[in-house]
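Engineer: Here's the letter readout for the chains.
Protein chains: 2
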Amino acid sequence: MKTGILNSNYQLLAESYLFSQIAEKVSRFQTAHSQTRIIRLGIGDVTRPIVPTVIDAMHRAVDEMASSETFRGYGPEQGYLFLREAIAQGEYAPRGVELSPDEIFVSDGSKCDVANFQELFSDRVRIAIPDPVYPVYLDSNVMAGRAGALQSDGHYDNIVYLSANAENDFQLDPPHCPVALIYLCSPNNPTGTVLSRETLTRFVRYAQENGAIILFDAAYANYIQDDALVHTIYEIEGAKECAVEFRSFSKSAGFTGVRCAFTVVPRQMEMLRKMWLRRQTTKFNGVNYIVQRGAAAVYSPEGAAETREVIASYMRNAALIRESLQACGATVYGGKDAPYIWWKLPRETDSFQFFDTLLENCAVVGTPGGGFGPQGKHYFRLTAFGDPARTKLAMERIAAQKKILF
Amino acid sequence: MKTGILNSNYQLLAESYLFSQIAEKVSRFQTAHSQTRIIRLGIGDVTRPIVPTVIDAMHRAVDEMASSETFRGYGPEQGYLFLREAIAQGEYAPRGVELSPDEIFVSDGSKCDVANFQELFSDRVRIAIPDPVYPVYLDSNVMAGRAGALQSDGHYDNIVYLSANAENDFQLDPPHCPVALIYLCSPNNPTGTVLSRETLTRFVRYAQENGAIILFDAAYANYIQDDALVHTIYEIEGAKECAVEFRSFSKSAGFTGVRCAFTVVPRQMEMLRKMWLRRQTTKFNGVNYIVQRGAAAVYSPEGAAETREVIASYMRNAALIRESLQACGATVYGGKDAPYIWWKLPRETDSFQFFDTLLENCAVVGTPGGGFGPQGKHYFRLTAFGDPARTKLAMERIAAQKKILF
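One line per chain: the protein sequences are A and B, in this order.
Heads up: the first sequence is residues 6 to 411, going by my numbering.
Heads up: the second sequence is residues 6 to 411, going by my numbering.
Isolated chain A (complex conformation):
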C-alpha cells in the first residue's frame, strides 16, 4: 500500500481516543493491584439493568423474529413509524413541541449521528465547538479535514472554541466571527451544567443572523430536574429553522449496550432533512427491530415510570457526590440536572496528574477534564452512573484522602 493514498487528516488527531486511553491505564493498575476493587466513576456508562417493561418488549420482539408470520427483515432506514411516533409523542409533545415522524431519524447511537452529521457540510466550513465538551465533535471534524493544525495549547487552528468555565458560569457566548456550524451540548458532557433559555436564544439568533446551523446534543435531556429549564432546543423560537437535535436512549433508558438514538431534522430545513435521509438510506441500514420495540416501550406508562425511577436513583448518586465533595471543601458544578459532577481541582492541579493520584490513592476512576478540551485541564469529571453503595464507598475513600486531594 502506498501511504500517500491515506486520509492524512488522521495524523492531525491529538492522541488516542480519551476513553480507550483511560481503559488501558485502569487495566494496568488492576493488574498491578489484583486485590484492590476499583470503583469506576469515569466513563459515562450506566450500571442499572434495563427496566422490566422494556425487557418484556424485547423478549416479545425476539419471538416475533422466530416465526415466518412475524419475522422482520430490513426495516425503514429512518426507523419504524411506531417508534418515531412514540418519540414525537413521548419526548416532544409534553414540552409543547410538535414534530412529525418524518423529522425524526432513528439510529444505533448518538455518537454515530453526531460524528456523521458533519458529512452533509462542505469540508471548508468553519465550525465552533465548546471547550470543554464530548470529544467526538472535534475528532470527527479533524478526520474530515476541517480543524487545521494542532497548536501547543491543545487548540486547532481552524476551530472556533467557545469557552465554558466557572468564570462565565458555563454559559457560552456565541462566536464573535461567522461560522457555519455550531456544536452545543446541554446538559453538557462533561460539566453537567445546562445552557439557560437566554443563552440558547442568543445562539439561535446568531444562527439566524449568520445562516449557521446548530448541532444540539441533548443526550442527557431526561436528567434535567428543573422543569423550567429548556429540555429541547425547539422550545426556543426559531430553532426549527436552524437547529438539529441529537437524542439518545443510552442514558435515559440504560441503552449503552443496546444501542438506540435519534436525530431530529425539522422540515423547516428541508434540504438538510433530505440530505440526511439520503445519507442514512445510502450508508446505514436501520436499527435492530428488537431494539426499536424496546425503545418504544420506554414510552409506555409502565416503561416511563420505571425509567424515571432509574434516573432518580442516578440523581441520588449525583447529589451524594456533590455534597460529599463540597463537605470536603471542593468547588463542584453540575450534578443537579445532569449525571455528571465537574470538580474544580484545587491549586490548578493538572487533571491527568489528578487522575493518577485518585486511582493510586483511592482506586477510584474519574475522567481528566483536560481530555475534553484545554478549558477542562484543571477540572475532573465524576459520573453518577455507579452503584449507590459503591458510589458511597468511593466518596468515603476520597474523604479519607482529604489531605492529598483537596
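Keep in mind that the hints are not guaranteed to be accurate.
Which copy is meant is left open, because identical chains are indistinguishable; a pair holds if it fits in one copy or across any two.
[To be verified] Once the Cα atoms are required to be at most 27 Å apart in a straight line, the calculated DSS-like pairs of lysine-lysine come out as:
#1 Lys341 x Lys397
#2 Lys30 x Lys279
#3 Lys279 x Lys7
Since the hints were made in silico from the structure, they are not lab data.
Since the structure is predicted, the reported quantities are computational estimates derived from the model, not experimental observations.
For this one, chain A is given, so just place chain B on it according to the hints.
Structural biologist: Same frame as chain A, but now just chain B:
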C-alpha cells in the same frame, strides 16, 4: 441556512437511492390493485425466521440485560472478543485462513462498513468499481467527492469502471491504469456470479504492483456451493497485504433486521488497521450485546446446522428460478453459488421498462439491472430469498406471460 455551507457533492448523486425508488413504485401499484398479492423477488431481503439456536441465545442475552449482575453497558467498539474469536474459528479457519481477533471488526452492517471505509483514504484517490454492482460503493464515493461529474451514459468522470457481462463471463479485468482503491464483490450482487481464483489472483497482483487496496465485499460467501471456489480473498496469496474483506450475517443468518456484520483488516496493513480502529472508536459505539450473542450462536454446531438448512432452502429457490426461466428460453446467470439470478433480457429490453412490465403483468417485483450500473441495463435481478411456494407461484405467473416477457 446558507446553502453554500452544504456538501455540494450530494447534488452529483444520480437519483434517489435505487431500493427506495422501487419501494415507492411497488407501493403505488399495490394501492391501485389492492386485491392483487404482489410477489417480491426484488430487494435482497430474507424471509425465513431466525433459527432456534440463535433465538435462544438472544433470549438469554435479553435476560442478562435485566439483572444488575449480568447487565452489559458499552461493549468494545470493535466487538466482543467471544464473537471475534467465533468468527475467526467459524469462518476463516475452515478455509485455511488464520486471523487474530484484532484483525476483525464487528459492526451493525456491511452497508455501513463498505460505505464508511472510504473515509480512511484521501479524497483525491482514484477508485475502480465493478459495473454492475451494489450501488453503495459508488454513491458513498460520490458523496465524498471522488466521482466527478455524471455523464450522459450513466458513468462518472473520475471512476474507473470494471465491466462484467456475459461477454467476459463476468470475470473482470484489473484496471488498465493506476488506481488506489478497487471495490470487488464476490459472489456478486447483482449478477450472482463468483470471481474465479485466477481473476482474484490477477487483482491481488495488480494491487501489489500498484500499491492499491482491494475492498472485497463477500456478504454472500456462505452461499457458495462449490467448495473449490474462493470463499474469502485471503485464500489468495498476498491478499493480506492488500485486501480488506467485508462480511455479513444479514444473508448468512437472516440478520437483515437484526444488524450484524464484520470487516477484516489484516495486521499486514497495520497503519490501515489502526486507522479503522480509530475511526470505529471515534465514530461508532459497538453492536448491541444481544445481537452479538445471537451472532456467536451461528457458529455453535446446532446454529451452524440450522443456518445451513436455511441457506439450502434459498438455494432450492434459486435453482427453481434458474430452471423455470431457462425452460421459457431465457438466458440466465448466477443462482448456483449465490442467491441472485441475473436474467439477460431479450431484444436488449430496457431493465426499468421491464420492471414495470413484470409488475403490471405478473405482480412480481424484481430489480432493474440498470440500477446497478450501465452494464446492467439489459439485465434483471431476481432473488431467491422468497417463500418457496410464492417463488414457485411467481415462476408460474412469469411462464404464463411467456409471450410478453421472453
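Engineer: Each hint: holds or not?
Structural biologist: These are the hints, each one checked on the structure:
With identical chains, the CA atoms of Lys341 and Lys397 are at most 27 Å apart within one copy only, with a shortest distance of 17 Å there and 63 Å across copies. When the C-alpha separation of Lys30 and Lys279 is checked against a cutoff of 27 Å, the pair qualifies only between copies, where the shortest distance is 19 Å, while the shortest distance within a copy is 43 Å. Within a single copy, Lys279 and Lys7 get their C-alpha atoms only as close as 37 Å, which misses the 27 Å cut-off; across copies the closest is 16 Å, which meets it.
Violation of the numbered hints given earlier is absent; every hint is satisfied by the structure.
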